[in-house]
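Asks: What follows is each chain in one-letter form.
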Amino acid sequence: MLVLVEQSLNGLQFGLLLFLLAAGLTLVFGIMDFVNLAHGSLYMMGAYFAATFVAWTGSFVLGILLALGATLLLGIALEFIALRHLYGRDHLDQVLATFGLILFFNDAVRLIWGPAGLSLPLPAWLTVPVQIVPGVFYPAYRLSIIVVALAVAALLYIVVMRTRIGMLIRAGASNREMIGALGINIKLLFTLVFGLGAALAGLAGLMQAPILTVQIGMGENILILAFVIIVIGGIGSIRGAFMAAIFVGMIDTLGRAFLPDLLRMVLSSSAASTAAPALSSMLIYLLMAIVLVVRPEGLFPAAKR
Amino acid sequence: MKKAFWLAGATVFALTQTALAGDTIKIGFVSTFSGPTAVIGNDMRNSFELALDHLGRKMGGKPVEVIYEDDGQKPDVGKQKTEKLIQSDKVDFIAGYIWSNVLLASLKTAVDSKTFLISANAGPSQLAGELCSPYVFSTSWQNDQTPQAVGTYMNQKGVKSVFLIGPNYAAGKDMLAGVKSTFKGQVVGEEYTVWPSQLDFSAELTKAKNSKAESIFVFYPGAAGVQFLNQYAQAGLKQQIPLYTAFTIDELSLPLQKENAIGVPGAQQWVNDLPNAENKKFVEDYRKKYTGLRPTFYGAQSYDAANLINSAVVAVKGDTSKKDEMKAAMEKADFKSVRGPFKYGKNHIPIQNFYLQDVVKDADGQLSLKTVATIVKDDQDRFHDKCPMK
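As you go down the protein sequences, you meet chains G and Z in turn. Residue numbers are given in my numbering: position 162 of the first sequence equals residue 162, and the series is strictly consecutive. Residue numbers are given in my numbering: position 21 of the second sequence equals residue 1021, and the series is strictly consecutive.
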């Protein structure tokens, strides 16, 4: 039972991390109708900035805040220099251009930081396990990811649904000519949305950095999961991204945790241990396929245009 | 007339081409030079180049040309690159191969074309057993050997139970099987993770912790080893369940693992401080030539691969068409290996010592690996009986 609690926490933590990445992607994709494959590169840049700034300043929190700001600025610069010229083009052009950006960022990182990768050590107060219920210890850092991600999700909800800027974002999504005609600077608005998306990706990257290593191409595998999530959740829907991310995180982790034992009941031990990882990594794609068949617009589609 | 002229031209060109090919020793080197594990490929290339420097960039009096190809850690790409090297570049030898699954995919191409293949790392059990070939030599080990040594060491320490974690591919399965074959205690759990994409081991660590095993054994080469140690330490397991490793801590991962690696033992057939003259020269010159870098066991095996090839070429005085003589020369392992002298089994896998290594702070205050003890002497892999070669 306690194992189930702990494994669920693992799943929740992974899901929330995926949410941060998927939220930025779904904002940009759903609201600006822009396919950004370079989203994973911003995730990577967030991690590299964090590793660099933490080493510079010697303070974990300060370094992370600086890295967050740097990723935001990078996102805005990227939108301003390259991506805003692609809004009117079709999706294939956007895919090609942002795929080029992936290659650009990977090589830029190789030039600046070298091919070996970096590590982002945690301060001592985050490396201790915390007792959450009697008998269950959970790494403090993973717990802090859960807290931060939940706070960001709540903040995002409030900003998009309850503030004037959120209203403008939603209005811009449904009819960008009209909102332009009403005297709103839609270009500036989109720049801000893109910057926000970049900062979210950067946040996901820098929070993941102490758990994994900071390395070239780290955003590419996880970007696929983020796309799966926005397809399951419904493109453009923050709520959908949130629910789908937690679904995917849970299914992935619980599948890995319990599938081998379940399979061992029917298969020989060695066959089960080989089949289980393959099968558990398939589960989320299976979920996506089912969702696409049953509800092609996603589980929680954004409001109709 | 014009046609005849072209034909003549083409013939002359073809002749000069073959003549040129005969004048150099051509070696293909397949390793990973892109992606997160490119640092391993770079270390192998650095060491191979250093060996060529030490050989005066000549073998048997002929200049050496090396063509490096990137397998991207993918079996299908590795196979294509092997075919390209053998069929269009017509190399005399092909060396390298970090990953067992890449090597297994590429093996048939090399063996069918009777091109000598020197594995400088991968050692899948099939290669030592039923797939052994007169044209394939290893300067590393068979995958099971290193974890077998770890299992033996755990017996010496009196460990009663273990939880095994490793990646779900050819080498991962060999490694866990290797520990199981020598470890006398109880194996309470065995987990395989998706390779190479899975980098978060929270589910596996939770299971290991709840299994109440006395120890954990893992095999995670490259960056995955850094991630595993990070997460193991963050979960607070370092104080609870001791970790034993194979190929998880090396000179490439150590600068990233830092304190997490202290006190985590591993086994290896080569350690940078092995006290023989060749090894001293290798390590010193490597650090001189590539400032800021330190050689790993991957590099040591690649250095040996170059010297093994050299011993074959010297034996036939540069005439690489004499394949039987080259094979006989290599079987003698008649070169100065940086791990110290070793013999080949009839399946062309080294019979060698395995050492216990530990992480210590060295004279420069940097973390480095150190030989602590010899775990097994003259160890031969457990698949040689399945090899039909005499």
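For the record, the hints were derived by calculation from the structure and aren't laboratory data. Small disclaimer: the values here were computed from a predicted structure and weren't measured. Heads up, a few of these hints could be off.
Taking CB as the label site, the calculated pair distances span [stated by the list, open to error]: (1) G:Val266 to Z:Lys1386: 48 to 58 Å; (2) G:Leu62 to Z:Gln1240: 49 to 59 Å; (3) G:Val266 to Z:Asn1276: 25 to 35 Å; (4) Z:Ile1351 to G:Met265: 36 to 46 Å; (5) G:Leu62 to Z:Lys1386: 54 to 64 Å; (6) Z:Ala1373 to G:Val266: 37 to 47 Å; (7) G:Asp261 to Z:Gln1240: 18 to 28 Å; (8) G:Asp107 to Z:Val1360: 35 to 45 Å; (9) Z:Lys1361 to G:Trp113: 18 to 28 Å; (10) Z:Asp1089 to G:Asp261: 45 to 55 Å; (11) G:Trp113 to Z:Lys1157: 34 to 44 Å.
For every residue, glycine included, the Cβ atom is placed at its ideal position computed from N, Cα and C.
Asks: Could you run down the list of hints and mark each one as holding or not?
Replies: Hints and how they fare:
no.	hint	result
1	G:Val266 to Z:Lys1386: 48 to 58 Å	30 Å, violated
2	G:Leu62 to Z:Gln1240: 49 to 59 Å	32 Å, violated
3	G:Val266 to Z:Asn1276: 25 to 35 Å	53 Å, violated
4	Z:Ile1351 to G:Met265: 36 to 46 Å	42 Å, holds
5	G:Leu62 to Z:Lys1386: 54 to 64 Å	59 Å, holds
6	Z:Ala1373 to G:Val266: 37 to 47 Å	44 Å, holds
7	G:Asp261 to Z:Gln1240: 18 to 28 Å	22 Å, holds
8	G:Asp107 to Z:Val1360: 35 to 45 Å	37 Å, holds
9	Z:Lys1361 to G:Trp113: 18 to 28 Å	25 Å, holds
10	Z:Asp1089 to G:Asp261: 45 to 55 Å	49 Å, holds
11	G:Trp113 to Z:Lys1157: 34 to 44 Å	40 Å, holds
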